[in-house]
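A.B. asks: Residues per chain are reported as follows:
Number of protein chains: 2
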Amino acid sequence: MEQRYFFECAYDGTDFSGWQRQPNAETVQQTIELMLSRRFKNTTIPILGCGRTDAGVHANQFYFHVDLPKNLDLEQLKYKLNKMLPTSIVIFEVIPVLAERHARFDATFRSYKYFIHTSKNPFQDKYSWYFPHDLNLEKMNRAAQFLVGEKDFTSFSKLHTDVFTNICDLSKAEWRELDNDQIVFEITANRFLRNMVRAVVGTLLEVGQGYIEPEIITEILEAKDRSRAGVSVPAKGLFLNEVKYPFI
Amino acid sequence: MEQRYFFECAYDGTDFSGWQRQPNAETVQQTIELMLSRRFKNTTIPILGCGRTDAGVHANQFYFHVDLPKNLDLEQLKYKLNKMLPTSIVIFEVIPVLAERHARFDATFRSYKYFIHTSKNPFQDKYSWYFPHDLNLEKMNRAAQFLVGEKDFTSFSKLHTDVFTNICDLSKAEWRELDNDQIVFEITANRFLRNMVRAVVGTLLEVGQGYIEPEIITEILEAKDRSRAGVSVPAKGLFLNEVKYPFI
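Here the protein sequences line up with chains W and L, keeping their order. Per my numbering, the first sequence starts with residue 1, numbered consecutively. Per my numbering, the second sequence starts with residue 1, numbered consecutively.
Note that these hints are calculated values from the structure, not bench results. Errors might be hidden in some of the hints.
[What the hints assert, rightly or not] Here are the computed lysine-lysine pairs in the DSBU-like style, where the Cα-Cα straight-line distance is at most 35 Å:
hint	chain 1	residue 1	chain 2	residue 2
1	W	120	L	113
2	L	120	W	78
3	W	244	L	139
4	L	126	W	172
5	W	113	W	244
6	L	41	W	78
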């Protein structure tokens with residue numbers, strides 16, 4: 001008998017070509033699938049993630065679902081998998097769920113963080129983007145507010161993606177100062193489009209440097225044209241930070 | 001005319017064979033010397049550090065001294081060097097000092113931190129040692145107190161080093177809990193012997209696991225025998241954290 005499980009995990013995306021399985025590249029999904037397969041008599045075990053992080057993007061919290069035998073010793077399974085998986089991937093919890101639960105479609109809330117440091121810093125550099133410019137955080141936060149609500153994010157999305165709508169419902173978009181000349185952007189929505197957070201951050205950095213005024217964000221949204229928004233920032237500062245389900 | 005300068009810097013030691021210049025290995029010292037040489041007409045410019053961190057050890061604060069021309073634009077020099085140096089090394093400040101000031105001999109206070117995480121964590125792993133064992137922090141702190149004061153640290157030092165005395169005056173040796181199953185050991189003294197912090201941490205971890213009682217630390221000190229102390233822990237969790245001079 002099979003049982004559906006949700007796995008809560010985290011990963012350092014630095015050395016992976018993103019979450020999603022693909023030929024001739026090392027991804028988080030196939031690394032986990034390979035270990036599950038080894039653990040379960042070398043059968044093929046497909047897993048399905050809550051989203052598809054791009055190459056180099058990290059996850060502080062990520063869920064995937066998978067069908068495995070019933071009545072497993074879940075603590076033991078978690079322990080063994082963590083031993084087998086590289087340091088860059090950790091399983092936090094294995095949760096039995098109803099067979100119809102879906103890691104991607106059932107997630108109602110996702111939150112990302114993007115870290116930037118404005119002074120050279122050897123220790124921040126792995127998980128934060130070095131952007132040595134004066135930034136007006138107040139203006140960046142004013143601009144960010146124009147993104148909140150139910151908006152069409154076509155201007156902030158990679159072209160030709162396979163989604164049926166580009167409307168996302170943002171509940172939060174906010175910059176905060178941290179210690180040591182580091183800032184973080186937190187953005188929360190029901191869903192995100194491909195490349196969206198990195199395009200939003202790049203655009204808000206143009207506001208922060210004074211190249212565009214905060215109010216222009218509304219025009220960019222309305223244009224539904226990727227070329228109107230700013231350049232995407234690098235992956236290494238980006239973390240999928242939180243994913244929520246009504247039943248977890 | 002020459003002027004002596006103190007440089008305050010920091011470095012990620014991961015990819016360096018320590019601070020000290022040596023043949024056929026990349027060290028922090030020669031990386032900085034090379035950039036200074038490029039900046040000053042390719043003359044040879046020897047620098048002298050406040051200590052000699054081992055391969056893989058990091059520094060949040062480190063000083064070296066060097067003799068350079070008088071009346072330099074110090075902000076400009078700092079800016080240029082930071083551009084030339086790799087991400088792993090940063091110069092915080094360039095400070096003109098009297099010609100007789102010495103980065104190594106004049107330092108009166110040094111403080112190290114050692115980080116350990118007891119749960120698998122992809123993001124802590126670069127600067128912290130993964131040690132998945134139950135630890136009794138209260139016992140470790142009791143043991144650490146036996147090290148405080150003016151003591152002979154021969155039992156915690158690499159053999160055959162060139163120092164004239166193994167007596168160090170410890171003012172602090174303390175474990176603290178951080179977030180996310182991470183702990184940190186802070187140790188402060190007028191001076192340290194080679195490998196001393198890592199041998200102390202290894203020994204205190206034996207206390208924390210219950211293999212030896214806190215009081216045994218006194219016996220280990222008195223034995224003046226390296227084989228009595230515990231195994232040295234890996235370099236990656238170790239940071240030279242603070243260095244102080246009476247005149248800075």
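A.B. asks: Now tell me, hint by hint, if it's right for this structure.
C.D. replies: Hint-by-hint comparison with the structure:
1. Restraint check: the Cα-Cα separation between residue 120 (chain W) and residue 113 (chain L) comes to about 22 Å, which is no more than 35 Å; the hinted pair holds.
2. Between the alpha carbons of residue 120 (chain L) and residue 78 (chain W) the distance comes to roughly 11 Å, so the proposed pair stays at or under 35 Å and holds.
3. Distance restraint check for residue 244 (chain W) and residue 139 (chain L): the Cα-Cα separation of roughly 40 Å exceeds the 35 Å cut-off, and the hinted pair is therefore not satisfied.
4. Of the pairs offered as hints, the one joining residue 126 (chain L) and residue 172 (chain W) holds, with about 31 Å between alpha carbons and a cut-off of 35 Å not exceeded.
5. Simply put, residue 113 (chain W) and residue 244 (chain W) have alpha-carbon atoms about 15 Å apart, close enough for the 35 Å limit, and the pair holds.
6. Of the pairs offered as hints, the one joining residue 41 (chain L) and residue 78 (chain W) is violated, with about 59 Å between alpha carbons and a cut-off of 35 Å exceeded.
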